[in-house]
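Quick note on the numbering used here: the sequence shown kicks off at 1026 and runs consecutively.
Treat the hints as calculated values from the structure; they're not laboratory data. Treat the hints loosely; a few may be bogus.
[Stated by the list, open to error] Here are the computed distance ranges between Cβ atoms for each label pair:
#	residue 1	residue 2	range
1	E1096	N1253	15 to 21 Å
2	N1253	N1133	20 to 26 Å
3	K1254	V1106	39 to 45 Å
4	V1251	N1058	53 to 59 Å
5	K1152	S1065	22 to 28 Å
6	S1256	T1091	20 to 26 Å
7	N1097	S1065	19 to 25 Å
[Stated by the list, open to error] DSBU-like cross-link-like pairs, simulated, lysine-lysine; straight-line CA separation at most 30 Å:
#	residue 1	residue 2
8	K1229	K1186
9	K1197	K1123
10	K1152	K1190
11	K1089	K1071
12	K1126	K1229
13	K1229	K1123
14	K1123	K1089
15	K1229	K1089
16	K1126	K1190
17	K1190	K1071
18	K1229	K1197
19	K1123	K1254
20	K1254	K1186
21	K1071	K1186
22	K1229	K1263
23	K1089	K1126
24	K1190	K1123
25	K1186	K1126
26	K1229	K1110
Even glycine gets a Cβ: it sits at the ideal position worked out from N, Cα and C.
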Amino acid sequence: MKTLNFIFAFIAVVTLSSCNFDISLGQVDGNGNVVTEERSVADFTKVKGAAGIDVYLTEGTENKVTVEADENLMELIETEVEGGKLRIRAIQNIGRAKAKKVHVTYVNLSSIEASSGADVIGNSVIKSETLNLDTSSGADLELEILASEVFAETSSGSDMKISGKATSLRAKASSGSDLDARELLVATCNADASSGADIKVNVKDRLTAEASSGGDVHYYGDPAAVTNKGSRSGGVHKM
């Protein structure tokens, strides 16, 4: 009976393949006809991009959102504000697409997140007293910032690249992620890299660095005080 079931399953796969049947469950490909749509949104000070969407941030005088995507994908791209956070994601898996972009105009931002393969890019300098940045699950975040306090965290193979100036930076990277802040000039920094992650920072005055489980912290500049908490399985390196 097991042999018979295997034969039936094999015949079914061959038949579907010969008919060019698309067996990608739940995946939607774009139709190639790119359109734009302006959407009304409530006020927000936080943004999160997810599910492979490309998000572009531009400073302005009012909060607004414009979606640029293949026409048949429009209804799959969700832009909702909950608790002051603008959440951007695809509600269904998007396959091939000519565009799946969300252009966000903001007044003030205090938190920016990218997850699940999303790309979040700043077209303007992000100015904030305190700024929280987070990337996970293969997402990318690239920003120029001007802030007093910056809290940056990367995980699960994600990448973050930040430039500009800040008074203090607390950087944490884990699970093969990369946090590149070489072009962010900071006075003080606390950096913690673990599980094969990599952190690069540029510090003027004081650095506390910890590296473990194959993680590495690379620092640029000549900080007056350096506290090195690297272990045998991790490293802290002066560049």
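Results of checking the hints against the structure:
no. : hint                       : verdict
1   : E1096 to N1253: 15 to 21 Å : violated (55 Å)
2   : N1253 to N1133: 20 to 26 Å : violated (37 Å)
3   : K1254 to V1106: 39 to 45 Å : holds (40 Å)
4   : V1251 to N1058: 53 to 59 Å : holds (56 Å)
5   : K1152 to S1065: 22 to 28 Å : holds (25 Å)
6   : S1256 to T1091: 20 to 26 Å : violated (48 Å)
7   : N1097 to S1065: 19 to 25 Å : holds (22 Å)
8   : K1229 to K1186             : holds (19 Å)
9   : K1197 to K1123             : violated (35 Å)
10  : K1152 to K1190             : holds (10 Å)
11  : K1089 to K1071             : holds (13 Å)
12  : K1126 to K1229             : violated (37 Å)
13  : K1229 to K1123             : violated (44 Å)
14  : K1123 to K1089             : holds (23 Å)
15  : K1229 to K1089             : violated (37 Å)
16  : K1126 to K1190             : holds (28 Å)
17  : K1190 to K1071             : holds (20 Å)
18  : K1229 to K1197             : holds (19 Å)
19  : K1123 to K1254             : violated (47 Å)
20  : K1254 to K1186             : holds (24 Å)
21  : K1071 to K1186             : holds (18 Å)
22  : K1229 to K1263             : holds (13 Å)
23  : K1089 to K1126             : holds (14 Å)
24  : K1190 to K1123             : violated (35 Å)
25  : K1186 to K1126             : holds (20 Å)
26  : K1229 to K1110             : violated (33 Å)
Violated hints, in rising order: 1, 2, 6, 9, 12, 13, 15, 19, 24, 26; the structure is consistent with all others.
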